[in-house]
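Novice: Same order as they appear, the protein sequences are chains R and Z.
The C-terminal position of the first sequence is numbered 126 in the numbering used here, with every residue numbered one higher than the one before it.
The C-terminal position of the second sequence is numbered 842 in the numbering used here, with every residue numbered one higher than the one before it.
Treat each hint with caution, since some may be false.
[What the hints assert, rightly or not] Reference listing, derived: stretches of chain Z covered by chain R, where coverage requires no fewer than 3 residues with Cβ under 8 Å from a Cβ of chain R:
1. 174-184
2. 241-250
3. 431-441
4. 444-452
5. 483-497
These aren't lab readings, by the way, just hints derived from the structure by calculation.
Note that CB positions come from ideal geometry on N, CA and C, so glycine has one too.
What follows is the residue order along each chain.
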Amino acid sequence: MDVVLVNLAGLGLITLIVWYFWLSKPVGTAAAVTSAGVQEAFIVVRDGYRPDTIRVTAGRPVRLVFNRQESDPCSERVVLDAFGVSAVLPQGGNVPLEFTPTEAGSYEFACPMGMLRGKVVAE
Amino acid sequence: METMNTESKGVEMRDPVCGMTVGPGALKVDGYQELGFCSEHCRRGFLADPERYVDIVGEDAEPAGEPTTDYPSKTPSGRGESKGTVHLAVEGMTCASCVSTVESALAAVPGVIDARVNFASNTAMVDTALDVPASVLTAAVASSGYQAREIEGENADTTDAERVASEHRYRLLMRKFWFAGVVSLPVIYFSYPEIFPGVPEKGSTALWWIWVAMGIITIPVLAWSGSQFFTGAWGALRHRSANMHTLIATGISAAWLYSTVAVLFPGFFPDEMLRDVFYDVTAVVTALVVLGMALELKARARTSEAMKKLIGLQAKTARVIRGGVEADIPVEEVVVGDVVVVRPGEKIPVDGEVISGSSAVDESMVTGEPIPVEKTEGTPVIGATINRTGSFRFRATRVGRDTMLAQIIRMVRDAQGSKAPIQRTVDKVSGYFVPAVLIVAVLTFMTWYTFGPSPALVYAVITMVTVLVIACPCALGLATPTSLMVGIGKGAENGILIRSGDALETAHRIDTVVLDKTGTVTRGKPSLTDISAFEGHTEDGVLRLAASAEKGSEHPLGEAIVRAALDLGLGLSDPDQFSAVPGHGIEARVDDRQVVLGTLKLMADRGIAAGPAESRLESLAEQGKTAVVVAVDGELAGVVAVADTLKEDSVEAIARLHRLGLEVVMLTGDNHRTAKAIGDKVGIDRVMAEVLPDEKATQIKLLQAEGKVVAMVGDGINDAPALAQADVGLAMGTGTDVAMESGDVTLIKGSLTGVATAIELSKATMRNIHQNLVGAFAYNTLGIPIAAGLLYPAFGILLSPLIAGAAMAFSSVTVVTNANRLRRFTPTHPEEVT
Numbered sequence: 004m005d006v007v008l009v010n011l012a013g014l015g016l017i018t019l020i021v022w023y024f025w026l027s028k029p030v031g032t033a034a035a036v037t038s039a040g041v042q043e044a045f046i047v048v049r050d051g052y053r054p055d056t057i058r059v060t061a062g063r064p065v066r067l068v069f070n071r072q073e074s075d076p077c078s079e080r081v082v083l084d085a086f087g088v089s090a091v092l093p094q095g096g097n098v099p100l101e102f103t104p105t106e107a108g109s110y111e112f113a114c115p116m117g118m119l120r121g122k123v124v125a126e
Numbered sequence: 009m010e011t012m013n014t015e016s017k018g019v020e021m022r023d024p025v026c027g028m029t030v031g032p033g034a035l036k037v038d039g040y041q042e043l044g045f046c047s048e049h050c051r052r053g054f055l056a057d058p059e060r061y062v063d064i065v066g067e068d069a070e071p072a073g074e075p076t077t078d079y080p081s082k083t084p085s086g087r088g089e090s091k092g093t094v095h096l097a098v099e100g101m102t103c104a105s106c107v108s109t110v111e112s113a114l115a116a117v118p119g120v121i122d123a124r125v126n127f128a129s130n131t132a133m134v135d136t137a138l139d140v141p142a143s144v145l146t147a148a149v150a151s152s153g154y155q156a157r158e159i160e161g162e163n164a165d166t167t168d169a170e171r172v173a174s175e176h177r178y179r180l181l182m183r184k185f186w187f188a189g190v191v192s193l194p195v196i197y198f199s200y201p202e203i204f205p206g207v208p209e210k211g212s213t214a215l216w217w218i219w220v221a222m223g224i225i226t227i228p229v230l231a232w233s234g235s236q237f238f239t240g241a242w243g244a245l246r247h248r249s250a251n252m253h254t255l256i257a258t259g260i261s262a263a264w265l266y267s268t269v270a271v272l273f274p275g276f277f278p279d280e281m282l283r284d285v286f287y288d289v290t291a292v293v294t295a296l297v298v299l300g301m302a303l304e305l306k307a308r309a310r311t312s313e314a315m316k317k318l319i320g321l322q323a324k325t326a327r328v329i330r331g332g333v334e335a336d337i338p339v340e341e342v343v344v345g346d347v348v349v350v351r352p353g354e355k356i357p358v359d360g361e362v363i364s365g366s367s368a369v370d371e372s373m374v375t376g377e378p379i380p381v382e383k384t385e386g387t388p389v390i391g392a393t394i395n396r397t398g399s400f401r402f403r404a405t406r407v408g409r410d411t412m413l414a415q416i417i418r419m420v421r422d423a424q425g426s427k428a429p430i431q432r433t434v435d436k437v438s439g440y441f442v443p444a445v446l447i448v449a450v451l452t453f454m455t456w457y458t459f460g461p462s463p464a465l466v467y468a469v470i471t472m473v474t475v476l477v478i479a480c481p482c483a484l485g486l487a488t489p490t491s492l493m494v495g496i497g498k499g500a501e502n503g504i505l506i507r508s509g510d511a512l513e514t515a516h517r518i519d520t521v522v523l524d525k526t527g528t529v530t531r532g533k534p535s536l537t538d539i540s541a542f543e544g545h546t547e548d549g550v551l552r553l554a555a556s557a558e559k560g561s562e563h564p565l566g567e568a569i570v571r572a573a574l575d576l577g578l579g580l581s582d583p584d585q586f587s588a589v590p591g592h593g594i595e596a597r598v599d600d601r602q603v604v605l606g607t608l609k610l611m612a613d614r615g616i617a618a619g620p621a622e623s624r625l626e627s628l629a630e631q632g633k634t635a636v637v638v639a640v641d642g643e644l645a646g647v648v649a650v651a652d653t654l655k656e657d658s659v660e661a662i663a664r665l666h667r668l669g670l671e672v673v674m675l676t677g678d679n680h681r682t683a684k685a686i687g688d689k690v691g692i693d694r695v696m697a698e699v700l701p702d703e704k705a706t707q708i709k710l711l712q713a714e715g716k717v718v719a720m721v722g723d724g725i726n727d728a729p730a731l732a733q734a735d736v737g738l739a740m741g742t743g744t745d746v747a748m749e750s751g752d753v754t755l756i757k758g759s760l761t762g763v764a765t766a767i768e769l770s771k772a773t774m775r776n777i778h779q780n781l782v783g784a785f786a787y788n789t790l791g792i793p794i795a796a797g798l799l800y801p802a803f804g805i806l807l808s809p810l811i812a813g814a815a816m817a818f819s820s821v822t823v824v825t826n827a828n829r830l831r832r833f834t835p836t837h838p839e840e841v842t
């Protein structure tokens with residue numbers, strides 16, 4: 004009897020893992036537009052990127068400003084591979100990363116090891 | 009502009025600066041009646057750079073139009089574009105209202121479009137129209153009662169701060185390790201009554217109390233030594249992602265929870281055998297993984313050593329002459345045009361050109377060239393290099409962000425942040441890795457619980473914990489970027505700038521190297537190679553007359569002859585009645601003698617018998633030299649020949665390329681005979697002669713059509729299309745004129761040996777990456793199934809979670825240490841070639 008229960012619980016847990024990590028979609032934060040027409044979002048880097056999903060309009064320049072608030076070396080650099088841009092993030096400083104997504108799509112930014120991830124969704 | 013009329017016809021307009029809708033009473037600007045502004049701030053912003061906003065209005069009015077913004081792909085800082093963003097560190101802000109004071113102080117500076125102050129990070133970002141110097145902004149902040157300084161990306165100060173932070177983190181991790189390690193010792197001792205003597209037997213009250221004590225002392229191990237696992241796991245979980253922390257946190261807390269339940273609620277486990285504790289797993293795994301993290305941190309600090317060295321090269325002060333007085337000033341304050349004084353042993357602060365004095369300068373730190381370079385009036389000097397022998401003065405030509413060193417640092421930093429194509433594959437895997445391990449762990453638990461031997465629950469918990477602990481996503485993630493860091497940094501130390509991970513990865517697949525002859529294999533400047541004199545003349549005499557006749561000539565051949573004569577110390581006379589016969593030669597009167605210099609045809613035209621010179625001309629031409637006949641007073645006097653001479657190290661460099669198994673092709677506009685003569689001398693496999701400059705790219709395409717992976721080596725200025733067409737373009741620099749933007753790889757030192765070194769380095773780096781990846785993949789694909797107990801049914805082998813913890817801790821250290829082996833990379837020595 005408990006064998007059946009344990010296995011059912013296990014399957015339930017697996018379903019939860021699959022749904023939570025792979026299937027569910029975060030809503031994301033819309034980038035603010037500065038007076039100069041740049042879509043700007045501030046991202047705090049601590050145990051990941053906060054917010055980790057930024058919504059922008061395609062075809063207009065985007066500026067992501069990273070502020071790293073931890074000493075974990077994993078996050079000392081952020082890479083936006085699709086645009087070939089990267090930046091070293093000293094602790095506490097605001098570091099901008101600028102690019103223009105000309106086409107709609109989802110563009111990932113991540114630490115060089117690909118462990119911390121976030122994305123820019125251009126619509 | 010027409011598009012804006014449609015807007016101005018309506019009652020409402022849009023403020024072109026902020027995009028707000030404004031009424032007819034809005035502020036106006038002369039000459040732009042169709043525009044309205046919401047505030048004085050926006051109006052000023054517009055005035056600072058009207059063109060920009062006029063464009064934006066045009067774009068808005070035509071939403072269907074193509075986006076006109078065309079950002080360059082590599083501008084991480086945003087400065088140097090049509091507008092700038094200046095980053096300031098602001099000190100002295102104590103409350104949120106300070107923010108608005110600083111913001112308005114900055115916004116009041118003419119040319120500032122927008123200023124945003126972040127109280128939390130004490131920084132300000134100021135969008136400016138072009139050419140608002142940071143000093144004006146810092147002065148504005150100062151006038152409002154706060155202090156500000158510009159944050160200039162990476163410099164010696166920020167790397168120092170990083171180093172201190174990293175040191176601090178290392179010491180903290182080590183303290184956490186020692187604590188967990190010391191706790192581990194008694195915990196291990198009392199966990200194995202069957203091994204260690206003196207442990208009370210199982211089921212005794214004494215042991216129960218010991219278990220309680222173990223449960224209590226492992227709490228701070230979890231809460232302090234292991235705190236980063238829990239905060240890291242929680243942080244990741246909130247972002248719907250999972251990482252190493254998730255695995256370790258789950259593993260160590262599962263072991264602790266099971267043990268604690270077994271101690272406090274033994275009734276929960278009806279079977280006596282289930283009442284067991286695994287506090288040793290919690291303590292030992294925490295200790296080992298924390299130790300692994302500390303060692304990894306140490307090792308990782310070394311991967312960026314080359315970069316730190318580069319940054320450390322920057323000079324701090326400069327001695328400049330202002331108002332006739334020598335003064336030491338911070339290097340940031342040097343401006344273009346300043347006259348800088350450099351004494352022996354001092355560092356040259358910025359790039360410039362020598363105006364007086366002479367010296368030998370050690371440029372090895374920038375170019376990789378070990379031999380000091382002679383500097384005299386007019387020669388360029390590179391900032392951060394060291395003056396060795398004499399004193400000199402130079403005029404600053406490039407300062408701050410524009411110096412060669414600053415450009416190199418930027419390029420290396422960007423390259424280290426780029427991805428090698430191979431990593432994109434790894435990224436796909438690592439995105440699924442940790443949740444997949446979690447699933448495997450659950451499946452392991454289920455399998456052992458259902459089919460395992462008794463006590464099934466204990467086996468299920470232990471194998472699940474082992475799976476969680478052994479999996480090492482870090483090893484996988486670190487494999488490529490750490491090697492890339494070290495490899496690209498090592499390149500910079502050798503004067504080889506690799507633009508990106510793409511270039512580095514492609515370079516190791518190269519099988520054909522195409523060299524542009526002029527300026528690459530040869531100096532690109534002809535010099536005199538042969539003189540022969542006929543009866544009645546001496547070699548010096550022939551050369552003196554020929555050089556005197558050519559004195560006014562601007563032809564490269566003439567210049568070479570004149571230079572050779574001057575080098576030999578021959579006194580030249582001024583020619584009379586100089587006349588050039590285009591394509592054939594020249595005539596002039598020198599010291600009252602008629603001198604004719606040119607081809608056989610010119611001699612025939614002038615009725616000069618030049619028969620005896622014919623065989624000599626023939627043999628010189630075969631050697632790839634350009635030879636001319638010299639006649640004096642209507643009689644054959646001699647033959648002189650010039651040729652573009654080889655760079656000293658071309659032969660050696662090409663031999664090294666051959667040793668790497670590469671086919672070496674030479675591309676030149678010369679005729680076949682000349683080209684072949686040079687090609688044979690240096691050992692070229694294949695010569696492509698009579699190639700017009702605009703055909704170079706086509707020749708590369710043809711080679712690629714043969715299925716070859718082609719590297720093109722050129723000077724980066726004339727060969728840009730060919731460099732772009734090649735799979736890897738290597739631009740060769742000469743002195744300070746380095747066309748860094750034109751190649752995938754830039755060789756600062758203008759020598760072919762750099763090509764071989766670059767390819768060797770690429771091969772070494774890729775080999776290192778492959779070792780790391782194979783190691784990391786093999787470790788995980790073997791380790792996880794073994795941890796899950798795959799070997800148990802057949803061989804009865806089950807991995808202890810303690811061993812798994814040790815393996816995990818050292819797998820990522822091993823990867824980083826292996827990447828650091830690349831720091832020992834040295835180019836093959838010339839003597840090894842022969």
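Novice: Hints first: check each against the structure and report whether it holds.
Specialist: Structure-based check of each hint:
no. : hint    : in the structure
1   : 174-184 : holds (count 3)
2   : 241-250 : holds (count 8)
3   : 431-441 : holds (count 7)
4   : 444-452 : holds (count 4)
5   : 483-497 : holds (count 3)
In this structure, every one of the numbered hints holds.
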